[in-house]
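When you get a sec, could you build the whole thing from the sequences and use the hints?
One-letter residues, chain by chain:
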Amino acid sequence: MRMFDHHIHMTSRTTDDYQAMAAAGIVAIIEPAFWVGQPRRNVGTFEDYFLSLVGWERFRAGQFGILHFCTIGLNPKETNSTEIASGVMELLPDFLEKESVVGVGEVGFDDQTPEEKRFFEQQMDLAVEFNLPVLIHTPHRDKKAGTRVTLDIVRASGIEPQRVLVDHNTEDTIEMVLDAGCWAGHSIYPHTKMDEPRMVALLRKYGTERITINSAADWGISDPLKVPKTAQAMREAGFPERDIETIVWSNPVAFFSQSGRLDLGEHAGDQPIDQRQLWEGNSVLRGQTPVVKIAS
Amino acid sequence: MRGRPVRTIGGVGLTDLIDAVDRLLRELSGAEVARWIAGRMPPTPGLEGYRLGAHYAAAGRVLDDAPAGEGMDAGLCAAMTDAGVEQPARWTLLDLYRYRLLADALNQVSPDEHLGVVRSLFCKGGIGEQRSLVRSLILLPEPAAFLPVAIEACRGNVLDVFIAMTCENRYPAYFFPDLNFNQMVMKALFNGVALARIAGLARRRTRELARMAADYATERRAAGRSIPNDIDMIIEN
Ligand SMILES: [Zn+2]
Numbered sequence: 001m002r003m004f005d006h007h008i009h010m011t012s013r014t015t016d017d018y019q020a021m022a023a024a025g026i027v028a029i030i031e032p033a034f035w036v037g038q039p040r041r042n043v044g045t046f047e048d049y050f051l052s053l054v055g056w057e058r059f060r061a062g063q064f065g066i067l068h069f070c071t072i073g074l075n076p077k078e079t080n081s082t083e084i085a086s087g088v089m090e091l092l093p094d095f096l097e098k099e100s101v102v103g104v105g106e107v108g109f110d111d112q113t114p115e116e117k118r119f120f121e122q123q124m125d126l127a128v129e130f131n132l133p134v135l136i137h138t139p140h141r142d143k144k145a146g147t148r149v150t151l152d153i154v155r156a157s158g159i160e161p162q163r164v165l166v167d168h169n170t171e172d173t174i175e176m177v178l179d180a181g182c183w184a185g186h187s188i189y190p191h192t193k194m195d196e197p198r199m200v201a202l203l204r205k206y207g208t209e210r211i212t213i214n215s216a217a218d219w220g221i222s223d224p225l226k227v228p229k230t231a232q233a234m235r236e237a238g239f240p241e242r243d244i245e246t247i248v249w250s251n252p253v254a255f256f257s258q259s260g261r262l263d264l265g266e267h268a269g270d271q272p273i274d275q276r277q278l279w280e281g282n283s284v285l286r287g288q289t290p291v292v293k294i295a296s
Numbered sequence: 001m002r003g004r005p006v007r008t009i010g011g012v013g014l015t016d017l018i019d020a021v022d023r024l025l026r027e028l029s030g031a032e033v034a035r036w037i038a039g040r041m042p043p044t045p046g047l048e049g050y051r052l053g054a055h056y057a058a059a060g061r062v063l064d065d066a067p068a069g070e071g072m073d074a075g076l077c078a079a080m081t082d083a084g085v086e087q088p089a090r091w092t093l094l095d096l097y098r099y100r101l102l103a104d105a106l107n108q109v110s111p112d113e114h115l116g117v118v119r120s121l122f123c124k125g126g127i128g129e130q131r132s133l134v135r136s137l138i139l140l141p142e143p144a145a146f147l148p149v150a151i152e153a154c155r156g157n158v159l160d161v162f163i164a165m166t167c168e169n170r171y172p173a174y175f176f177p178d179l180n181f182n183q184m185v186m187k188a189l190f191n192g193v194a195l196a197r198i199a200g201l202a203r204r205r206t207r208e209l210a211r212m213a214a215d216y217a218t219e220r221r222a223a224g225r226s227i228p229n230d231i232d233m234i235i236e237n
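These protein sequence lines are chains A and B, in that order. Numbering follows my numbering, with no gaps: position 282 of the first sequence is 282. Numbering follows my numbering, with no gaps: position 187 of the second sequence is 187.
Hint data in this document are derived by calculation from the structure and do not stem from the laboratory. Among the hints, a few may not be true.
Said to hold, decoys possible - Listing some non-contacts, in silico: residues in chain B with all C-beta distances to chain A over 12 Å:
no.	residue
1	26
2	28
3	30
What the hints assert, rightly or not - Quick list of simulated restraints, FRET-style, between CB atoms:
no.	chain 1	residue 1	chain 2	residue 2	range
4	A	207	B	155	47 to 57 Å
5	A	128	B	66	29 to 39 Å
6	A	82	B	180	40 to 50 Å
7	A	81	B	180	33 to 43 Å
8	B	120	A	207	42 to 52 Å
9	A	93	B	116	13 to 23 Å
10	B	148	A	93	23 to 33 Å
11	A	243	B	113	54 to 64 Å
12	A	93	B	26	20 to 30 Å
13	B	19	A	223	49 to 59 Å
The C-beta atom is built at its ideal place from N, Cα and C for all residues, glycine as well.
And the structure:
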């Protein structure tokens, strides 16, 4: 079954991960711009990071037959360095024009400071201006209250709620997110956030409408195969195949198609991976084993 | 170019070439796209406040990125070929538009600003933008001025951009110093790019390139690896 992990930070992952993901059926991913584990001290560092999301990382994924899209935004944690944050805000409009950018994100709250609120609101305005869907990160600390304020900001922004995906939900937040008309994302993570059995229970209770899952894999202890693993957990719990496909493919595709830029090409179907095709047909290469790692 | 010496490409002036591109864009892309294009052209003169990079990028969502093929105008193809473009029919409407936009933008600033404009587009571009850009370098006024960008395009590891620079036009063959040209050919060998596709390779074969290739063959043999069979194209027998 083809799968779509709509929240994964591949910049922090290895080629082994890409290989395992492709083998498990993942054909498309979205890499949201995020916090790289250590605070950045220069606006230019952000610019190079955003460029890698529309350039190098996109090519790297393509070598494994995986379509790579991204969302661009200023993550909540780093809005607290306001001088740098203001510089990053000036970069965003140019990046939001790029063809592989399918949304604004991840934005939202971390410590729930006034600065975080200000830059979150400004980026909601950008999403409206550029007609892009938004991927919202919800805070890990004081989550329930943070999610409530998040939804207030979504409402105040004037964006249509169905163009907003509120991510990292738990049993405590899913209902208010769905009630607000937004999509509810769930990050299946080894020790925190959400796990497979709990996710299966949530799907039993709330059905599949406007619900998505992702691995949110990054530089921490995380698992890039959580989408296929959750699909398997659903199967074992007796969910029909069409429900599984809704969760791991149709729903994220439907949500991010609202950008008008989610060009899934031949990967919309079940295609075998042929790395040579990526380089304008076999005529370019000699037909030896396609290179995976480029020597330079 | 308005008020400046006219560069001639394949017997037609640069302005005529751009007019031909314009006509083709109008013919092949519908009225809606034509309106979109018209609303985003650079102001005259100067580029103050004009978001060239944003428009260059945004075109990727509007214009068709499939090879124009049969749709290409024969006269335009001939002029492009004459200027050093390999298989102009592989250009896409998106490439043509971006070329037209850039040529117009360069026309608004003095020649000593040209490299800066092009370098900035390259550095801030995604893969598709970089590919369009390197395809078009050879059709810009005084292409030699953009050598640092062309060399940078071969330095990167995104193969789509490398191939666009190496195989799709004769820019490297015409303008690269030996050092950079040889490194480019060796990188093509490393990455499995067929040497037959390198534009203008025949006229850039040198003893030094032959030596580098022979050393590479020795290294491969020592490691028990296969040797690309088209390496003979550059090794002297
Ligand atoms: Zn994340």
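To see whether the hints hold, each was checked on the structure:
Separation of residue 26(B) from chain A is adequate, the least Cβ-Cβ distance of about 23 Å exceeding the 12 Å criterion. In this structure residue 28(B) is separated from chain A by more than 12 Å, as the shortest Cβ-Cβ distance comes to about 19 Å. At the 12 Å boundary, the C-beta of residue 30(B) stays outside the reach of chain A, the nearest C-beta of that chain being 17 Å off. Evaluation of the 47 to 57 Å hint for residue 207(A) and residue 155(B) yields a pass: the beta carbon distance comes to about 52 Å.
The supplied range of 29 to 39 Å is met by residue 128(A) and residue 66(B), whose beta-carbon atoms lie about 32 Å from each other. At roughly 44 Å, the beta-carbon separation of residue 82(A) and residue 180(B) lies within the given 40 to 50 Å, and the hint holds. Checking the proposed 33 to 43 Å range against residue 81(A) and residue 180(B) shows it holds: the Cβ atoms sit about 40 Å from each other. Here the CB-CB span from residue 120(B) to residue 207(A) is close to 50 Å, well matched to the stated 42 to 52 Å.
Checking the proposed 13 to 23 Å range against residue 93(A) and residue 116(B) shows it holds: the Cβ atoms sit about 21 Å from each other. As the Cβ distance of residue 148(B) to residue 93(A) is approximately 27 Å, the hint placing it in 23 to 33 Å holds. Checked against the given bound of 54 to 64 Å, the beta carbons of residue 243(A) and residue 113(B), roughly 58 Å apart, stay inside it. Against the hinted window of 20 to 30 Å, the Cβ-Cβ separation of residue 93(A) and residue 26(B) comes to about 29 Å, which satisfies the hint.
Judged by the Cβ atoms, the range 49 to 59 Å given for residue 19(B) and residue 223(A) holds: they are separated by roughly 57 Å.
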